Amino acid sequence: MAGISSYGAYVPPHRLSLDALSGRAPRDGGPEKAVAWNDEDSVTMAVAAGADCLAGFSRERVDALYFASTSYPFREKQGAALIARALDLGRELQATDYSNSLRAGTTALRAAADAVDAGSATCVLVIASDCRMGAPGSGLERNSGDGAAAFLVSKDSAIATMDASRSVTDEIVDVWRSEGDDFVHSWEDRFVVQEGYAPRMAEAVDGLLADGGDSVSDYDKVALYGPDHRSRAGVARTLGLAEGQLTDAFFGRLGNAGVAFAPLQLVAALENARPGKRILVANYGDGADALALKVTDGIEQLPARRGVGWHLERRQPVADYAQYLKARDLGTSEWEAQAGPGLSATVHFRERDSNLAFCGQRCRSCGAVQFPVQRVCESCFARDDFEGTRLSDRSGKLVTWTFDYFFPTPSPPTVAGIVDIEGARVHMQLVNCVPDDVNLGMPLEFEFRCMHRAGGRPNYYWKATPAAEPATSGGR
Amino acid sequence: MGKDALRDKVSVVGVGCCRFGENWDQSPSDMIVDAAYEAYADAGIDEPQKRIEAVFTGSLYTTQGPHECADALKLFERPVSMVSNYCATGTDAFRYGVMSIASGLYDTVLVVGYDKPKDRGVSGPTVMMDGVRDLPRTPAGWFSLCAATYFDRYGAGREDLARIAVKNHHNGTLAPRSWLKREITVDDVLGARMISWPFGLYDCAAQTDGAAAVVLSRTDLARGFRDDPVLVKAVTISSGPNPQKDPTNDFLSWKPNGWAAADAYAQAGISDPRSEIGVAQVHDCFSLTELLAYEDLGFCDKGSAKEHIADGKFELGGDLPVNTDGGLKAFGHPTGATGVRMIYENTLQLQGRAENRQVKNPRLALSHNLGGHPTACGIAILGRD
Chain F
1 MAGISSYGAY
11 VPPHRLSLDA
21 LSGRAPRDGG
31 PEKAVAWNDE
41 DSVTMAVAAG
51 ADCLAGFSRE
61 RVDALYFAST
71 SYPFREKQGA
81 ALIARALDLG
91 RELQATDYSN
101 SLRAGTTALR
111 AAADAVDAGS
121 ATCVLVIASD
131 CRMGAPGSGL
141 ERNSGDGAAA
151 FLVSKDSAIA
161 TMDASRSVTD
171 EIVDVWRSEG
181 DDFVHSWEDR
191 FVVQEGYAPR
201 MAEAVDGLLA
211 DGGDSVSDYD
221 KVALYGPDHR
231 SRAGVARTLG
241 LAEGQLTDAF
251 FGRLGNAGVA
261 FAPLQLVAAL
271 ENARPGKRIL
281 VANYGDGADA
291 LALKVTDGIE
301 QLPARRGVGW
311 HLERRQPVAD
321 YAQYLKARDL
331 GTSEWEAQAG
341 PGLSATVHFR
351 ERDSNLAFCG
361 QRCRSCGAVQ
371 FPVQRVCESC
381 FARDDFEGTR
391 LSDRSGKLVT
401 WTFDYFFPTP
411 SPPTVAGIVD
421 IEGARVHMQL
431 VNCVPDDVNL
441 GMPLEFEFRC
451 MHRAGGRPNY
461 YWKATPAAEP
471 ATSGGR
Chain X
477 MGKDALRDKV
487 SVVGVGCCRF
497 GENWDQSPSD
507 MIVDAAYEAY
517 ADAGIDEPQK
527 RIEAVFTGSL
537 YTTQGPHECA
547 DALKLFERPV
557 SMVSNYCATG
567 TDAFRYGVMS
577 IASGLYDTVL
587 VVGYDKPKDR
597 GVSGPTVMMD
607 GVRDLPRTPA
617 GWFSLCAATY
627 FDRYGAGRED
637 LARIAVKNHH
647 NGTLAPRSWL
657 KREITVDDVL
667 GARMISWPFG
677 LYDCAAQTDG
687 AAAVVLSRTD
697 LARGFRDDPV
707 LVKAVTISSG
717 PNPQKDPTND
727 FLSWKPNGWA
737 AADAYAQAGI
747 SDPRSEIGVA
757 QVHDCFSLTE
767 LLAYEDLGFC
777 DKGSAKEHIA
787 DGKFELGGDL
797 PVNTDGGLKA
807 FGHPTGATGV
817 RMIYENTLQL
827 QGRAENRQVK
837 NPRLALSHNL
847 GGHPTACGIA
857 ILGRD
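Those sequence lines, one after another, are chains F and X.
Just so it is clear: in the first sequence, position 181 is 181 by the numbering used here, and no numbers are missing.
In the numbering used here, each number is its position in the second sequence, counted from 1, plus 476.
Read the hints as simulated data drawn from the structure, not as lab findings.
Keep in mind it's a predicted model, so treat the numbers as computed, not measured.
Errors might be hidden in some of the hints.
[As the list claims (entries may be wrong)] Now the stretches of chain F that chain X is said to cover, found in silico as 3 or more residues with beta-carbon under 8 Å:
hint	region
1	128-136
2	217-230
3	289-296
4	418-428
5	457-464
[Unchecked claim] Okay, the calculated beta carbon distance ranges per label pair:
hint	chain 1	residue 1	chain 2	residue 2	range
6	X	777	F	323	46 to 52 Å
7	X	783	F	314	30 to 36 Å
8	X	539	F	346	23 to 29 Å
Think of the CB as a built atom: it goes at the ideal place given N, C-alpha and C, for glycine as much as any other residue.
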């Protein structure tokens, strides 16, 4: 039977105070939400969550990638293909985007389990990532946050079996975003909850319980999607959940992460799960999905993941609402970096291994690692005698740096420097650090980021970030 | 071939330079004509169409290539070529001119360096967004990469760099064709807005429009143009790896500087540059670039620049005055023109025509360009008989 064999998550470090959204001074420890910055989107967050999920696993084994999002930047052009290249997955890959519904994450998870059970795939990476925007000043803006969750679904070394699932589908125009809209729209919230969210969630969960002859009290943890804290608590009451059964929804810390919201709660539940515990996940969007999982002994062997806990601890408060508006390009001026033709499609194609997968090469003659790919070795001058080597999951060291105040960005200066990665030298931007944090020789790791949107398209590459302490949360 | 094969075979017989600055009312052609006709007059040439046998031009921002110069000067029916080598473009164009005469192909050629960056609508360099790697791709961001490492190793700081900018601003006030004619203080430099740490606005060269021109002749014919021709002792270009991806770069110096200097000194027969060179124009696109040039070109020991800056060695009255006309900082930096402008200034200095910025009796004068990431260094050495 198919099961989850690994999990991962990503939550952007920037935190926007909900007080600041209301025009008040932010309080220490007050409510906030996680916001993707100008160089992040559903793709970059998906890559980060995928990398967390794949840490310690062979990437060659992954033979399918399902990417779920309602906020993928392209209308036409697959996200899974782009994410697969960034994660350096093989080309013999079944890649699919699941989109257009908040339920896409659990739908993809269920489809992955079905594919594994049917034998059409052996190891499916499922990533749910969302970066939805509510209009400035709206309740949707206040409640939503950004994040991504990833799962590896396969038959072997499962940490949790996927025992049962149940779906209901219903037509309702409660929350939507039309062609050309930047912002998510919603009908009157009591209609959304009373005719959509609450009854469909109950219908899916009740159906699942009836299928298995279970009662909700048989589950140790219940992860529930919810448009806001109050509506979610209402559904929990309707389902008869006891104190401690409902997972933390991170309202006031992360916010409703759309497609990734219920999956992130499942990640958090797995981070703290013991063998034998049962988890129920219910998700909403044009109907509802319910999934039943059971944690196995395998969870004891899973190497530590960063997961949700580590990411929630990593906070970078946003100074004020204006800075957020600038980062999300919601100001009244147009950021001039959008101008120009952007990266040539032919260059993008030729350099996809370098730019997206961050693959360099190792000289077979002298062993020197170099980036980007070149024909003649810069150390021993051997020609065309290289093997590819992925740099994105290696560690780096800062050789030198500068703070660039001239380069256009919402929050100057841009920290840039030379990074030594196993002997290769790469000029890179640094994120998640301010000038005071930077010092010669500091250890670094790498994150996939959107460099600019020239040409009206996101143009991706990698940036360096101060290396984190090893994760301690999750699998022991 | 012997390193000295070029030495003394070619002479500078005429120099010209237009006023550098934000020349809103001048086209590239206007500036080329100003510089070239001044050089013709300096060489005593009345009929350039008859005397100039070939033209070597250098420009980074040109939209028309070598035709721009040929058309402006109406020099047709002869070779007119263009050289592009980032900020070393001017020295490289000069080098092709020198080699063409040394080869025996021509007796008299014209070298023109020019650029017109102020037609682009931006202050400073263009921020390119057509790639995804190596961003920010700003010259200040590239040249500042030696700062953290150099400061850490040798204990220098922003004040030492500021003194270079103060010196160059002072010298610029004494050069008639310079753009900036304003004295500044160390506090002005330290208090200016930051461009790319540790470079504030005054640590950065002034990007301007401009053109400079040089007439070259076979040395045995040079006195037919003027009584005090200046000899070309050496001219060289050295390429280097991109320091941003060179695994052995230490970010304490720029490799092409040392390579080009060794070649130029061998060509000129110089064994002790710090006592033999009387005046130098070095590439000060940023204050730190000038500081590193002092050391990389052998004007002082590695790591000792700050002491020599403090004791005034490189000021007009010092042992080895550097950037006597204000340099890129104050004279201005039209990329393709800069190397040729340095030849103009060194020629005036060697001929004793540099007026109130005249260095006392220099015998050898060095000019230095550093271009790219930096990935190329050009050096020319001129001398008197």
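Here's how the hints hold up against the structure:
Given a C-beta distance limit of less than 8 Å, the hint that chain X covers the region 128-136 of chain F is violated, as 0 residues qualify and 3 are needed. For the region 217-230 of chain F, the stated coverage by chain X is not satisfied: 0 residues place a CB nearer than 8 Å to a CB of that chain, which falls below the threshold of 3. Restraint check on the region 289-296 of chain F versus chain X: 0 residues with Cβ-Cβ distances below 8 Å, three needed, restraint violated. Counting residues of the region 418-428 of chain F whose CB lies closer than 8 Å to any CB of chain X gives 7, which reaches the minimum of 3, so the coverage claim holds.
Closer than 8 Å: that is the beta-carbon criterion, and the region 457-464 of chain F has 3 residues meeting it against chain X, so the requirement of 3 holds. The supplied range of 46 to 52 Å is met by residue 777(X) and residue 323(F), whose beta-carbon atoms lie about 47 Å from each other. At roughly 45 Å, the beta-carbon separation of residue 783(X) and residue 314(F) lies outside the given 30 to 36 Å, and the hint is violated. At about 24 Å, the CB distance of residue 539(X) to residue 346(F) agrees with the hint of 23 to 29 Å.
Going down the numbered hints, you'll see the structure goes against 1, 2, 3 and 7, while the others check out.
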